[in-house]
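Participant: Model the placement of chains B and C on the given structure of chain A, informed by the hints.
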Amino acid sequence: MKIIALLTDFGYKDNFVGVMKGVILSINPQVNLVDISHGARPQSILEAHFLLKNSYNFFPKGTIFVGVVDPGVGSKRKPILIETNDYFFIGPDNGIFSFLESYEIKNTVHLTNKEYFLKPVSSTFHGRDIFAPVAGFVSRGVISEEFGTLIKSIKRIEIPKPRIKKGKLVGEIIYIDGFGNLISNISREIFDKFTKGSKFEIAIGKVRINKISSSYAEANSKTPIALFNSFQNLEISMKDDSCAENLGLNPGERIRIGRVAKPIH
Amino acid sequence: MKIIALLTDFGYKDNFVGVMKGVILSINPQVNLVDISHGARPQSILEAHFLLKNSYNFFPKGTIFVGVVDPGVGSKRKPILIETNDYFFIGPDNGIFSFLESYEIKNTVHLTNKEYFLKPVSSTFHGRDIFAPVAGFVSRGVISEEFGTLIKSIKRIEIPKPRIKKGKLVGEIIYIDGFGNLISNISREIFDKFTKGSKFEIAIGKVRINKISSSYAEANSKTPIALFNSFQNLEISMKDDSCAENLGLNPGERIRIGRVAKPIH
Amino acid sequence: MKIIALLTDFGYKDNFVGVMKGVILSINPQVNLVDISHGARPQSILEAHFLLKNSYNFFPKGTIFVGVVDPGVGSKRKPILIETNDYFFIGPDNGIFSFLESYEIKNTVHLTNKEYFLKPVSSTFHGRDIFAPVAGFVSRGVISEEFGTLIKSIKRIEIPKPRIKKGKLVGEIIYIDGFGNLISNISREIFDKFTKGSKFEIAIGKVRINKISSSYAEANSKTPIALFNSFQNLEISMKDDSCAENLGLNPGERIRIGRVAKPIH
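Order-wise, the sequence lines are chains A, B and C. Residues in the first sequence are numbered consecutively from 213, following this note's numbering. Residues in the second sequence are numbered consecutively from 213, following this note's numbering. Residues in the third sequence are numbered consecutively from 213, following this note's numbering.
Since the hints were made in silico from the structure, they are not lab data. Be aware that one or more of the hints could be misleading.
As the list claims (entries may be wrong) - Calculated pairs, BS3-like style, for lysine-lysine (alpha carbon to alpha carbon, straight line, at most 25 Å): (1) B:K451 <-> A:K367; (2) B:K273 <-> A:K326; (3) A:K326 <-> A:K290; (4) B:K326 <-> C:K273; (5) B:K331 <-> C:K273; (6) A:K377 <-> A:K408; (7) C:K290 <-> A:K451; (8) C:K377 <-> C:K411; (9) B:K367 <-> B:K318; (10) B:K451 <-> A:K288; (11) B:K273 <-> A:K214; (12) A:K434 <-> A:K451; (13) B:K378 <-> B:K411; (14) C:K451 <-> B:K288; (15) A:K288 <-> B:K434.
In isolation and in its complexed conformation, chain A is listed as follows (with noise of 0.2 Å):
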C-alpha cells in the first residue's frame, strides 16, 4: 500500500483532515494515511516547513507528502507538486517546501489539470479539492506530468539561518515543541566549528550556560539545561515544565553563543 502523509495548521476540532482523508480513499482505498501532525501554528509557514523538513527523510521512499499550510489559498499563489528521486510533496507554492535544495527536485508540477480536482474547486479549501484528489492519483500511479504544467523553481521563503557577529554566534528560536523547549537553528556542526572544543557561553534571554547536556535527565527542576536535540538543533530545555512559559520566549528570540571565558554581557 502506498504511503500518503499529511501535514497542517488544521488542528483536532474540525473535520478538514478527515474530510481530507475521505476524498483520498474516494479515489484510492487502498492507502496508508498517516499524521504527521495537524498542530503547526495557524498560517504559519515556517512552523509546518520545520515540522516537514526534519520528518519526510523518515518515510519510506514513494511516501507521497501532503502539506497544508496555506494562507494564500484562493489567491495567485500556486498549487504544485513536487517529485523528488524518493518522495513525492504536494501543497501550496508558498515555501512550505524550502527545505527540499533545487538538485534533489526532478520535476516540479503546478497544478492546472482540473480533471484531477474535486468540482468545483472552492476558493478556501484546496486541501480538500485539490492537494487530497491529487494525491489520491498520484498514489494511483499517474505521472506528474499528467497534473499540470512544469515549472522551473519553487518559492522559497526565508528561513533565519545562524551567524558571526562581533564575533559572536548568534542565532535563534525557531520553534517551540509541545514541551516548551526552545529549538534553535543553530545545529551541532555549526555549533562545533565556531566554538571548536574551547569553553564556552550560552545566552538567551536572562538565562546563561557553559555546558551541553547529553539528555533530558541532566537536567536539575528550574535550572534550563542545552543540549542538541534528535533533529541536532541547540535547544533549551527544563526538567518538567515549560521552558518557554517558565522565561516568557517566544519564537525568534535571539541566542548568542561566545568563545569566551568572561560572560557575555
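Facilitator: Below, chains B and C alone, put in the same frame as chain A:
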C-alpha cells in the same frame, strides 16, 4: 479494505478512541480506520451533527460511520444502525444523524442483538461495548437485520434554520471552527435567493459587512470579512486571528442580512 | 496486517509521533498503526500506565504496543521488549508496564542489539531511534531473543492502592479524564467487598455522595455523582461540566468511603 470513520467528542487526552479501535480490530483486523474528528464540543449533538453532515459524502461508498456524542448513554435512548444506499451510520438515536432525510434511509435497526456486543455492556461506554463491535461486524458483512429490530424513524433534533423577519434574513452562528471562524446556517443558495444581486449588509454583533470576499487571503488584519466557506455556509472570518475571540461571539449568535442601501441599526 | 498501537506523552503539536510512524513504515509498510493516545500528561509514567493498562486487552492477540513516556531517556534506564502469550510491549523500563504480572510475562529483553536501531541513536528520542524500529522488526517476525539479552524482571512503580484506615476505605484520584471526571483507584469489587450492600457515604473534598448512579445521564447539573465507569473504577462526575475544575481537585486527592449511617466529618 472496508473503511470505518469515527466521530466523537472524546478528545485526544484519553484512551477512549484507541480502545474503540482495538475492539473493532479484534473483530476485523483488515479495516481502514479514519478519524473524522474527536474534538466535537463535549455533549454537543448539534456540533457533532454539523461535522458529520459536512463530512460523510466525501467518503467512498460503503464507508461505515460511527458517531458517538452520547450524553444519554445508559438511559433509554436507543443504540441504532442506519443503512442508506451508500453508507452505514452507527451511534445513539439522539439526533446526531438528523442530516439524513427519511427517503435516503433504507433501514434503521434498533441494536438489540447482544451477540454482537461486548460482554458485559457497560452503562457508560456504548462506543466501546456496542457501537465499535457492531461496526466491526458490519465491516465483515453481517447484514443490518441481524443486529436487532427494524424501526421506522430516527430521532431528529431541531436544527436552527434561517428565516425572514421584518424584511431581514435572520440566521445564527452554528459552529466555530478551530481557527475561530464563525460559521452560520445561511447557505449561499438562501443568501442569493434573498439578496437577488442587490446591495446588502451583514450584521453580527457590532460588525457590519457589505461585501462577500472570495477567499481568506482578501482579509486585512483585524477587519472581519464575510465569505462562503467550502461547505457553502456564510462565514465571518478574521486574518491570522480568532474572529470568535476578538468579537466575543458564541454559537447561537444572530446574524442578520438586510437588503438595504442604509445600514442596519 | 500486524497492528502496532502507540501511546506517548508527545501531544499533537509536534512531529514526534509522525516520525516514529515513518520509521516503522520504512521497516514494514504493511502494518496497521493505531494511536491509543498521545495526550498522557508529560512525563507522567503513572498516567501512561493507567491508560495502557485500560487499553491493551481490547486489542487483538499479536498486537505490538509501543509506550513512550520516558523522562529518563538517555540515562541508565533500559530500553525493553516484553513478550506475553498474547502481546508485545516495547518502551523504557521505567514502570510504564507495571500492570503486567510476572506470571504473564514470557520474555523480557533488554534491547541492546544495535542492528535493529536507527543509527546513530540519539540520547533524547529513543521512541524514534530504538522503540519504533524494534516494533517494526517485531512486526516482521524477528524473534524477541534477537533484540538483546534476556532479563529477569521489569521495573515496577508503586501504584497507589486503596486501604482500610480507621474503618474507612481510603483511595485516591489517579486520573482525570478529558471530560474532567475524577477517576479513583477504588474498583467495584473492592467497593462491594467493603460496603457489603450496607449504606455508605463517599467523601471527596467538600462533596458527600451516598448513592451509586448507573449512568452519566442520571446527573443533574452541578451536582456531582458517583458511578463505576466502564473500566470499573469508582468515578466522580458532573453533568456537562468538568468535575475536576469545578471542585478544584487534582490527581492524588483522597476519596473516603464510610459504612456509616451518619455523615463523615
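Participant: Determine for every hint whether it applies to the structure shown.
Facilitator: Status of the hints after comparison with the structure:
1. B:K451 <-> A:K367: Status holds; Cα separation ~22 Å.
2. B:K273 <-> A:K326: 23 Å, holds
3. A:K326 <-> A:K290: Distance of about 14 Å is within 25 Å: holds.
4. B:K326 <-> C:K273: Roughly 23 Å between the alpha carbons, so the hint for K326 of chain B and K273 of chain C holds.
5. B:K331 <-> C:K273: Given that 25 Å is the threshold and the Cα spacing comes to 18 Å, the pair holds.
6. A:K377 <-> A:K408: 17 Å, holds
7. C:K290 <-> A:K451: Holds, at roughly 20 Å.
8. C:K377 <-> C:K411: With a Cα-Cα distance of about 18 Å, the restraint between K377 of chain C and K411 of chain C holds, given a limit of 25 Å.
9. B:K367 <-> B:K318: Between K367 of chain B and K318 of chain B the Cα gap is close to 16 Å, so the pair holds against 25 Å.
10. B:K451 <-> A:K288: 17 Å, holds
11. B:K273 <-> A:K214: It holds: about 21 Å lies between the C-alpha atoms, which stays within 25 Å.
12. A:K434 <-> A:K451: 6 Å, holds
13. B:K378 <-> B:K411: 17 Å, holds
14. C:K451 <-> B:K288: 17 Å, holds
15. A:K288 <-> B:K434: Distance of about 22 Å is within 25 Å: holds.
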